[in-house]
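Peer 1: The listed protein sequences derive, respectively, from chains A and B.
Taken in order, the first sequence gives residues 1 to 119; the numbers are from the numbering used here.
Taken in order, the second sequence gives residues 1001 to 1119; the numbers are from the numbering used here.
Since the hints were derived computationally from the structure, they do not count as laboratory data.
Computed from a predicted model, the values in this text were never measured in an experiment.
Certain hints may be false.
[To be verified] With a cut-off of at most 30 Å between alpha-carbon atoms, the simulated DSSO-like pairs for lysine-lysine come out as follows: (1) A:K42 <-> B:K1099; (2) A:K39 <-> B:K1052; (3) B:K1030 <-> A:K30; (4) B:K1003 <-> A:K66.
Number of protein chains: 2
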Amino acid sequence: MEKISKSFLKDSYFITELNLCTIRLVNNCKFPWIILIPKRKKITDIFQLNKKDQNLLMEEIVYISKKMKKIFNAFNINVEKIGNIVSQLHIHIIARSKKDSSWPLSVWVVKKKNIQRKV
Amino acid sequence: MEKISKSFLKDSYFITELNLCTIRLVNNCKFPWIILIPKRKKITDIFQLNKKDQNLLMEEIVYISKKMKKIFNAFNINVEKIGNIVSQLHIHIIARSKKDSSWPLSVWVVKKKNIQRKV
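Build out the structure end to end from the sequences listed, making use of the hints.
Peer 2: So this is what it looks like as C-alpha cells:
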C-alpha cells in the first residue's frame, strides 16, 4: 500500500477506508470537501490504474458523491483530479451550494469581497 | 440522444463520437482542453448514469487522457466534472504544462501578471 503524502496528512482528516481508496476530509471551512486516495504505489494518473481499479475508482467516486449530495443537501457535486502540486493520485469531491463563497465558479477561485465602506 | 447544450456549441468544436460521449475541443488558446459529453438525456451527475455507462465514461476518460498526454506531451492531465454553470453532464480533460499560464494552479485561476515597468 502506498503511503499517504505528508501534505494530505497535514491538511485533511482520516474518515474511512474503501476497497481502493482512503477517504479523507479536507480541512476547509468553506466547502464540504472529501479526497479519495487510491491505495496503489507510484500512481499519479487515473490511466495508470489497471482496468479493475479504474472501475473501482468510478464506483467509489459514485458512492461518495451520492453520500455528499444527500448529507450536505448539495446543489451540485464537483469531482476533480488535478494533482499539479501533490502528484500522488487523489480525487476531490466537493459538495457545492448556491450560497457558497465561490459559487458558481470553481472552488479554486476566490472571489474578491466587496469591502463595505464604514463612513 | 440528448441535445448538446448551446453553450458547448458556441464555445467548442466537434471532434468525434465515442460510444458514450461526444468529444469536443474547447476554444481556449491557453490550454489543450477537451470536453466529454455523455449522450444521455437529462443527466447532470456521474452518479445518475447507470453502472454500465459509468464504466464506459471511465474508459473514455482514460482513452482521451492518454491521447492528450501523448499528443501534447503533457506534464499532467486534469480531469474535472464541475457543471455549476452548464448543468448538462460534461467532463473537462485538460493537458497541463509547467509553462502554462495557470501552472501549478487550476485552469480556473487566472494569475495576475506582473507588468514590467518601462522606465
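Peer 1: Check each numbered hint against the structure and report the violated ones by number, ascending.
Peer 2: none
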